[in-house]
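For reference, the chains in residue letters:
Protein chains: 2
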Amino acid sequence: MKLINLSELSGDKQKDFLNSFDTVLTDCDGVLWLENELISGADQVMNSLKSLGKKIFYVTNNSTKTREQLIVKLKHLGFNAEPNEIIGTAYLAAQYLKKHLDPKKKAYIVGSSGIADELNLAGIENFGVGPDVMIPGRDLKTDHEKLNLDPHVGAVVVGFDSHISFPKLMKAACYLTNPNTLFVATNTDESFPMGPHVTVPGTGSMVAAVKTGAQREPVVIGKPSKLIGSYLIEKYNLNPERTLMIGDRGNTDIRLGYNNGFQTLLVLTGDTTMEKAIAWSKSEDEEYKSRVADYYLSSLGDMLPFLSS
Amino acid sequence: MKLINLSELSGDKQKDFLNSFDTVLTDCDGVLWLENELISGADQVMNSLKSLGKKIFYVTNNSTKTREQLIVKLKHLGFNAEPNEIIGTAYLAAQYLKKHLDPKKKAYIVGSSGIADELNLAGIENFGVGPDVMIPGRDLKTDHEKLNLDPHVGAVVVGFDSHISFPKLMKAACYLTNPNTLFVATNTDESFPMGPHVTVPGTGSMVAAVKTGAQREPVVIGKPSKLIGSYLIEKYNLNPERTLMIGDRGNTDIRLGYNNGFQTLLVLTGDTTMEKAIAWSKSEDEEYKSRVADYYLSSLGDMLPFLSS
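Which chain is which? The protein sequence lines are A and B, in order.
Residue numbers 11 to 319, in this note's numbering, belong to the letters of the first sequence in order.
Residue numbers 11 to 319, in this note's numbering, belong to the letters of the second sequence in order.
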């Protein structure tokens, strides 16, 4: 039995639900806020869960912000959050490289300063952030010496990069011709729908460009990669069955939960609509089935009544 | 029986082969030339085939050049070619839009002037070619009015674009939120390997970025899309069985031939190595099998001895 409406359960069943987990992992954009607007009641729900003794983790695929920047945003919007509760993909990418990259080697970043800052904190030399545009008239195809490739690059990291460009795609592809060069993508979220007629391409769009040009598959750090779940389970000794994953995206948040044996709760304030979730639940496709949450709520704030009762 | 070495056939069998086709479709880069260098003997082979009365078509996925520009290159390198023998993806994309796009609508191009020129020749209003870079500090995510979207766009065309950028990806994604907006990709060649440690991302890299961000699949004009084969068969009344497709890429050239029932000849002067072709021939995967040519030659020039005998 999946897609249970938590709001429609009896008070006893709601209490059973609350007692069924010790740890809460929650996505941020689309669950706690939309851009810079708090989703009503989300702050009170997270703060109540924490005061009930639940271990809380804010788990975001957003690679443009460091943990420090995320904590500022969380606090500003009223969440009683601490730095060690933040699990961002820029931070996790840095942890991954710390473990796997030869310390004499550098990372080339197709991404934003969020990644560079976390790599710097982890002591990993890096470069690439910011504009690197094609000069009209330049022909890198025939004049690739102009790329000035750095022979000490041992990893290519791809995250959200609003300065994506052909020189960047070509540098990444050239570095990745060396099979020993690590290839890390923070996440693969395809896009952010922003209402009618507006779509913002996501990190997945940039990762698709790099991996197609390089003809290599990256290690994906973010949701729904099992990596992020294993990291949390190991580092914090989580019991998967007593862990709840809250999210607004079937293909990242809920699938992360499914892949790691967590309980899952879908909220309808972001990407995934009820229609989509129902269609997935009727599909025979295993990947679609893995996107179907155990529970759902219209909005995280709807948990407030039975938290305070 | 596939992957027959034409050079090792007896003289009689070589004549049978030559008599088995009336039409020759040939790829350009990797078969006739490498960048600006003629592949030795390729000009004489194509000119001999033409003087034997074969109908010739130069079929290229390259969208950066118009037919006019391709004819200049072909003639310069010694090919006895005429404009109506050139089948390029920029030209075909223009033909496709002429047939399917509302004449009151415009095309937004993520690509080069080759596409714009062919669209202009076909009388299709278009824009987008050239730099359109992200200004540091700008945040299109929250300030998307700055995109200045044109309400008269009815098609997005994606080809090779060395000025690919986030504003372009976002504009394409926004135009494509309208399900009536046509979505055309000239081709999906992933990359051009340029020797050790150098890879040039191809149109496929740019198409991957746009389609992932837009979450829509394009109509692909170029090889191996069946579209290009059907166009030639219909327009020139070709007999597929008596048509030979020559190419250096299993996944585009040879597969185009396979998809349309043409005979196929792989030359080893470009992308696909003999090792790859043999591996594909042993695979059970239907897509890999479709990349295996009927015949092969080390180089197109090797056809010269039995053409002149």
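It is worth saying that the hints were derived from the structure and are not from the lab.
Some clues are possibly wrong.
Any copy, or any two copies together, can satisfy a pair, since identical chains are not distinguished.
Computed cross-link-like contacts, DSS-like style, restricted to lysine-lysine with a CA-CA straight-line distance of at most 27 Å [stated by the list, open to error]:
#, residue 1, residue 2
1, K64, K83
2, K83, K25
3, K25, K64
4, K245, K64
5, K23, K116
6, K64, K156
7, K60, K85
8, K299, K114
9, K151, K286
10, K85, K151
11, K25, K60
12, K299, K109
13, K83, K151
14, K83, K156
Can you name, in rising order, the numbers of the hints this structure does not satisfy? 2, 5, 6, 8 and 12
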